[in-house]
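Student: In the numbering used here, the protein residues as written are 1053 to 1357.
No lab work stands behind these hints: they were computed from the structure. Note that CB positions come from ideal geometry on N, CA and C, so glycine has one too. Don't take every hint at face value.
[What the hints assert, rightly or not] Computed cross-link-like contacts, EDC-like style, restricted to lysine to aspartate or glutamate with a CA-CA straight-line distance of at most 20 Å:
| no. | residue 1 | residue 2 |
| --- | --- | --- |
| 1 | 1263 | 1195 |
| 2 | 1108 | 1093 |
| 3 | 1108 | 1161 |
| 4 | 1108 | 1320 |
| 5 | 1276 | 1260 |
| 6 | 1167 | 1093 |
[What the hints assert, rightly or not] The following label-pair restraints were derived from C-beta to C-beta distances:
| no. | residue 1 | residue 2 | range |
| --- | --- | --- | --- |
| 7 | 1209 | 1332 | 43 to 49 Å |
| 8 | 1093 | 1255 | 41 to 47 Å |
| 9 | 1084 | 1225 | 42 to 48 Å |
| 10 | 1194 | 1084 | 31 to 37 Å |
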Amino acid sequence: MNIDMRINLIRVTSNKLNLPLEVDQINSYLSDLRNHSPYDDEINDLIDHILQNGGKRIRPLICLLSFEMISNEQRNDTSLAAACSLEVIHNASLIIDDIFDKDIYRRKEKSFYLKYSTFAALSISYSLSSLALSLASKTNVIEIVDELIKAIHTLSTSLFLEQKFRSGKNKMTQEEALQLIDRKTSSLFEAASVIGVLLGNSSKEDRESMKLFGKLFGRAFQLKDDYFSLTSEQNDLGKSGVWTDISNRIQTYIVLEAMDLVSPAEKEILNDYYIDKKDFPTEKIKSILVNSGALEIVKNQISQY
1053 MNIDMRINLI RVTSNKLNLP LEVDQINSYL SDLRNHSPYD DEINDLIDHI
1103 LQNGGKRIRP LICLLSFEMI SNEQRNDTSL AAACSLEVIH NASLIIDDIF
1153 DKDIYRRKEK SFYLKYSTFA ALSISYSLSS LALSLASKTN VIEIVDELIK
1203 AIHTLSTSLF LEQKFRSGKN KMTQEEALQL IDRKTSSLFE AASVIGVLLG
1253 NSSKEDRESM KLFGKLFGRA FQLKDDYFSL TSEQNDLGKS GVWTDISNRI
1303 QTYIVLEAMD LVSPAEKEIL NDYYIDKKDF PTEKIKSILV NSGALEIVKN
1353 QISQY
């Protein structure tokens, strides 16, 4: 990877993305989707509500910046269609995640399935997935459509894998937790990075480099999300956060690190709670995790990515 690519990757991974023009263009493209949608007004109104209800637009931003990193061309309707396909499928996955995790809040309001119904949520998720593939096909680049399909496949299998881990009677390993992050979070960042360079004149080496970037970015992103879930209040995050993670007994990477660090008595409590499904106050579990030293380890690991 040459020096120009490295400089641009640093720009992408900045914690303070200040790209108002790019975000405005993405938002404008998303708001115009109903004019090209095959769905009726009722469905389009729901899709509009989902796509216009906040979001940092990180995945389409990575796609556009990857495209500009490797190409001398200006962004256009084709690159915006590809970028926005990632945002659309991301929102479809959030709807399903909220059902699966029983999350109450998303972006500072009731989760879609609670606000409308589980049936409506599943239906809209299908509609968004179809819309995302339609946007990707506008590029007329079959490899781009294939990348998005692979990401959707990986996202769907991540739910099965997560349920398998959750229902098991064994403690997950850190490697298994990273494997789940790679499927559930990194997959779309990988797709965003690779699709961006596929829009330009990229080599196989470029695509492999960007795939690795997306994978590591996704790991850092998820670990940071888990970190803030433990250190922030729900109102700060705009979602259910730590309370849902703990009540669902999700063995996050932080939980697994904590199990290796705490005293024997605290480890027994965590094992009883997460493995044997015995009940303890949520505040007690949170206190053990926060004071275990795992947060500092994970914070250092994030910086390494």
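Student: So, for every hint listed, does it hold in this structure?
Tutor: So, going through the hints one by one against the coordinates:
| no. | hint | verdict |
| --- | --- | --- |
| 1 | 1263 <-> 1195 | holds, 14 Å |
| 2 | 1108 <-> 1093 | violated, 26 Å |
| 3 | 1108 <-> 1161 | holds, 16 Å |
| 4 | 1108 <-> 1320 | violated, 39 Å |
| 5 | 1276 <-> 1260 | violated, 24 Å |
| 6 | 1167 <-> 1093 | holds, 19 Å |
| 7 | 1209 <-> 1332: 43 to 49 Å | violated, 32 Å |
| 8 | 1093 <-> 1255: 41 to 47 Å | holds, 45 Å |
| 9 | 1084 <-> 1225: 42 to 48 Å | holds, 46 Å |
| 10 | 1194 <-> 1084: 31 to 37 Å | violated, 25 Å |
Of the numbered hints listed earlier, those contradicted by the structure are 2, 4, 5, 7 and 10.
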